[in-house]
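Visitor: Sequence:
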Amino acid sequence: MRRTGFFFALILAAGMSSGVDAADSTSFTNLPRWQNLPDTVGGWVSSEVIIRVAPGFTPGTTADGQPTIVNSDKQTPASSALTDLLASWNVSAIVSTNQFELKHKDLARKYGLNRYFTVRVPVGSDVHTLAAQLNSFSDIIEIAELDGIGGALATYPNDTYFGNQYSLNNTGQNIQGQTGIPDADIDAPEAWDLHTGTDVITLAIIDTGVSHSHPDLDDKLLPGYNAQDGSSDADDSWFLSHGSHCAGIAAAESNNNQGISGVSWGARIMPVKVLDDLGGGTETQCANGVMWAADHGANVGSMSLGYPDGITYFENAINYAHDAGMVLCAATGNTPGADIFPPARWANTIAVGATDNRDNLASFTTTGPEMSVTAPGVDVYSCIDDIFNGGLNSYTYMSGTSMACPHVAGLACLVWSADPSLTNDEVRSIIESTADDKGTPGWDQQFGYGRINAYAAVDAVYNPPVPSIDHQVVEVPISAAAIADDPTLAAAQTFDLQVIMTQG
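Remember, our numbering sits 149 above the position in the sequence shown when you count from 1.
FYI, nobody ran anything at the bench for these hints, they're computed from the structure.
Be careful, since some hints might not be right.
Unchecked claim - If you anchor each label on the Cβ, the simulated ranges turn out as follows:
| # | residue 1 | residue 2 | range |
| --- | --- | --- | --- |
| 1 | 278 | 518 | 28 to 34 Å |
| 2 | 590 | 543 | 38 to 44 Å |
| 3 | 272 | 613 | 53 to 59 Å |
| 4 | 543 | 574 | 22 to 28 Å |
| 5 | 205 | 472 | 51 to 57 Å |
| 6 | 536 | 254 | 56 to 62 Å |
| 7 | 518 | 364 | 50 to 56 Å |
| 8 | 328 | 278 | 55 to 61 Å |
| 9 | 568 | 224 | 20 to 26 Å |
| 10 | 332 | 611 | 20 to 26 Å |
Cβ coordinates follow ideal geometry from the N, Cα and C atoms, glycine included.
Please work from the sequences and hints to get the whole structure.
Guide: Now the structure itself:
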């Protein structure tokens, strides 16, 4: 299991749906990963270990009802030593880690997602030791890993109301005492001159949920999913409203004489609640939410969240969703000097950092070799439905790579609805190739390919660049004797000369 050197600051942690008691409200900032605590954000669930069994094995029970791993064909315990080990840890059950039957069976088999199971033990168990012991049965158990607890990336809320979305259209307005640089934005109005987006594209906000009552969101919502409890209740919390803020940035109801504009005016919003009301959640919960979105028609996923390690079940869920056709965007994190956090770390996500209203890299942005693009993420104005931060059905400013990520997700919706025949990888390529280069010329670890440019991206859909062809002039001698020997060619007669060029 890959260790992350440092973990980002989070709001709070609360009890996870795995049955863990409510954690304290300590936030972890720049603490070494393994100095964090069980059952808190930045730590791990102490009541379970996630395993992937080898083909030919499945959970079962002994004659006396003890949970164990059995041979799939004979339904007999695969190893008496393993059965004894599980009994010694008071294992109460071994259940599928999938919360629902996956739609794409071939992809589930490809990534082994049908062979992941959760081994349940008493709260407070030394699951590090248990995982190590289970990994020793490598012929039966391919992987044993801990379920990390992460959540919404830290935000820097500001209750000052300016009513101006510089991220979409920067005219040099003053934000928090800093005068912006005109055009240090994503050129949204110019993009909207070409295309405002349609409802053929569905955006999954994979977060704390989305407010069902906010007037700038309610008419765009599709049925959602709550990976915390397996229900359909994906309403946002009145205590954090992180998901609603992200949803508004990407796809708020627009041109409706109220509130704000989203990057994509037309995209439908699918709320997928993977974080609890205080912003905490496990990797398996997020993984299940991502796969649910893929199975239920989401085209784009916005993940303004991060986790401490990145277990294989989660990474394979990301791969599953990508291969099912989704564009997945993820915030890199808000801890400078740390590694980029999962899921942004993985190849099948667009890793998004943050810039300010002067096109500077935001001071809190986590950077690294996985960086894809950047987008405005400092003092971004969007929807809030929060009794503590901005008010119910209201608006406020927040900062973080959490706010940058939905700008990119919204742009993915805008680009894709301009040409629904594009593949997910083509949408990503357009976003990256049309970004305004910042920092060191070309791709770099701070800005990636640059700060996104919505106009350039949509324009590239309607007016794709003509491929350049490397060429050189080559003199080809033609033998006069050969022409003279051809009786069909008379003097001064014209003829066609066919030249066939091959690449290589």
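Visitor: None of the hints should be skipped; say for each whether it holds.
Guide: Outcome of the hint check:
1. 278 to 518: 28 to 34 Å: Check passed, 33 Å falls within 28 to 34 Å.
2. 590 to 543: 38 to 44 Å: holds (42 Å)
3. 272 to 613: 53 to 59 Å: holds (56 Å)
4. 543 to 574: 22 to 28 Å: Cβ of residue 543 to Cβ of residue 574: about 38 Å, so the range 22 to 28 Å is violated.
5. 205 to 472: 51 to 57 Å: At roughly 24 Å between Cβ atoms, residue 472 and residue 205 fall outside 51 to 57 Å, so the hint is violated.
6. 536 to 254: 56 to 62 Å: violated (44 Å)
7. 518 to 364: 50 to 56 Å: violated (42 Å)
8. 328 to 278: 55 to 61 Å: holds (56 Å)
9. 568 to 224: 20 to 26 Å: At roughly 52 Å between Cβ atoms, residue 224 and residue 568 fall outside 20 to 26 Å, so the hint is violated.
10. 332 to 611: 20 to 26 Å: Given range 20 to 26 Å: holds, Cβ gap about 21 Å.
Comparing the model with each earlier hint shows violations of hints 4, 5, 6, 7, 9; every other hint is respected.
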